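Asker: Okay, here's what each chain looks like letter by letter:
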Amino acid sequence: MTRRARTRLFLVSAAVLAVVVLAGFGELPSFGHPAATLGAVLNRLAPPQGHITDVVTAVNFTYRGVDTLVEEFIFFAAVTGVVLLLAPLDDELADHASDAATGRWVPQTSDAVRVLALALVGPTILFGLYIVAHGHLTPGGGFQGGVVLATGVLLVYLAGEYTHLHGLYPDGFVEGVELGGASAFVLIGLVGLAVGGTFLASWGPLGRLGQLNSAGHVPLLNLSVGAEIGAGFVLLLSAFLRQTIVLRRHPPTRHRLGSS
Amino acid sequence: MSVLAYGVAAWLLFVGLWGLVQSRNLVHMVICLAIVQAATYVLLVAIGYRYGAVAPVFAGIRLGTVAVDPVVQALCLTDVVVGTTV
Amino acid sequence: MNVLLGTVLILVAAVGTVVVVLRDPLRQALAVSLFGILLGIYFFSVQAIDVALSEIVVGAVALPLMILLALAKIRGGVQ
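Just so you know, the sequences run in chain order A, B and C. The first sequence begins at 29 in my numbering and counts up by one. The second sequence begins at 12 in my numbering and counts up by one. The third sequence begins at 24 in my numbering and counts up by one.
The set of hints was computed from the structure by calculation and includes no laboratory data. All of these numbers come straight from a predicted model, not from anything done at the bench. Just so you know, even glycine gets a beta-carbon here, dropped at the ideal spot from N, CA and C. Worth double-checking, as some hints may not be accurate.
Unchecked claim - Looking from chain A toward chain C, a few residues come up when the C-beta cut is under 7 Å (computed):
#1 143
#2 167
#3 172
#4 175
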């Protein structure tokens with residue numbers, strides 16, 4: 029389809045869509061005065077019922093826990109797909125795994141970047157663990173903390189070379205962690221099934237509101253999600269880096285990384 | 012204010028769609044898709060907002076304080092994760 | 024409060040438009056990163072803190088990383 033025809037088709041369908049959207053938006057409650065009552069009910073109900081202060085996490089892990097399970101598996105499938113797609117092909121030779129592979133000029137990482145990255149690795153991983161662990165008390169949770177953990181690992185790569193990353197976090201170990209996280213979520217749900225009669229029913233000590241060891245099984249779910257997401261991102265990073273830095277399809281040509 | 016909040020969501024939707032249609036580069040297409048998704052986030056979260064309310068996290072806040080809608084935020088959170096996988 | 028919200032919304036719309044209009048994917052990656060941060064500020068302003076945290080973490084770290092690596096891969100594979 030030619031470009032002009034495509035544009036014209038888009039303008040027509042956008043006009044139709046605009047009419048629908050405007051009609052729909054007209055029905056919306058005015059900004060700042062929501063009409064929905066389920067949210068207000070949950071705000072009152074969640075802390076006493078589940079001993080959990082972060083109601084959004086409560087909704088994600090208890091009231092709508094199955095949605096989170098499916099979301100985790102979407103992520104798992106996506107990571108699997110990417111890793112499979114980027115697996116080395118027969119005609120791609122594994123060059124010696126170094127950023128300064130022969131014939132390929134890569135700008136040297138400046139010392140400032142390396143020192144800063146090295147200094148930030150510890151605090152970042154600690155912060156990521158904090159966010160994961162306190163998911164049921166303060167904003168945060170498994171997903172956010174997991175990505176921060178993966179960022180900590182990325183900083184290891186920035187501070188050193190690809191070989192360091194590969195040595196510290198070998199693929200088998202990271203894959204094991206991701207699998208462990210995903211299965212832990214399902215296992216916790218099954219325990220809920222055994223104890224409470226429904227999948228992902230609440231079990232575990234409810235504790236006192238506001239304490240770290242409160243809210244039953246939600247902190248465990250947070251930990252499993254955090255492990256899975258963090259490991260998944262590390263796998264993605266590792267696969268991409270392996271593709272761009274290590275593998276070579278033909279004899280290396282002079283190619284500057286990142287130029288246009 | 013209503014017009015602005017919902018209008019920005021609609022604007023992002025159409026701008027993203029236009030970019031999607033006009034793009035020649037696959038990476039550009041994916042980025043425009045992300046813009047369209049952002050339009051839905053803006054709309055969802057705007058629906059849940061209540062003037063003068065606090066966030067639905069009661070750590071240190073007296074229980075029973077009026078807060079914004081947590082269900083919409085939970086939906087948005089899941090949405091962001093799915094957007095990442097895309 | 025209203026002024027903040029209005030300003031952030033207008034900025035979000037503006038940067039969103041810029042992201043779409045840019046042609047070079049490398050520049051777009053940076054623009055998308057900025058867009059993510061602005062979106063995070065908007066979420067803060069409407070008291071959606073969990074969503075803001077997720078969006079900042081994803082939009083400032085994960086998304087540009089993926090884009091940049093995809094670009095490097097595409098360019099690296101071209102002979």
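Asker: Of the numbered hints stated previously, which ones are contradicted by the structure, given in increasing order?
Answerer: 1
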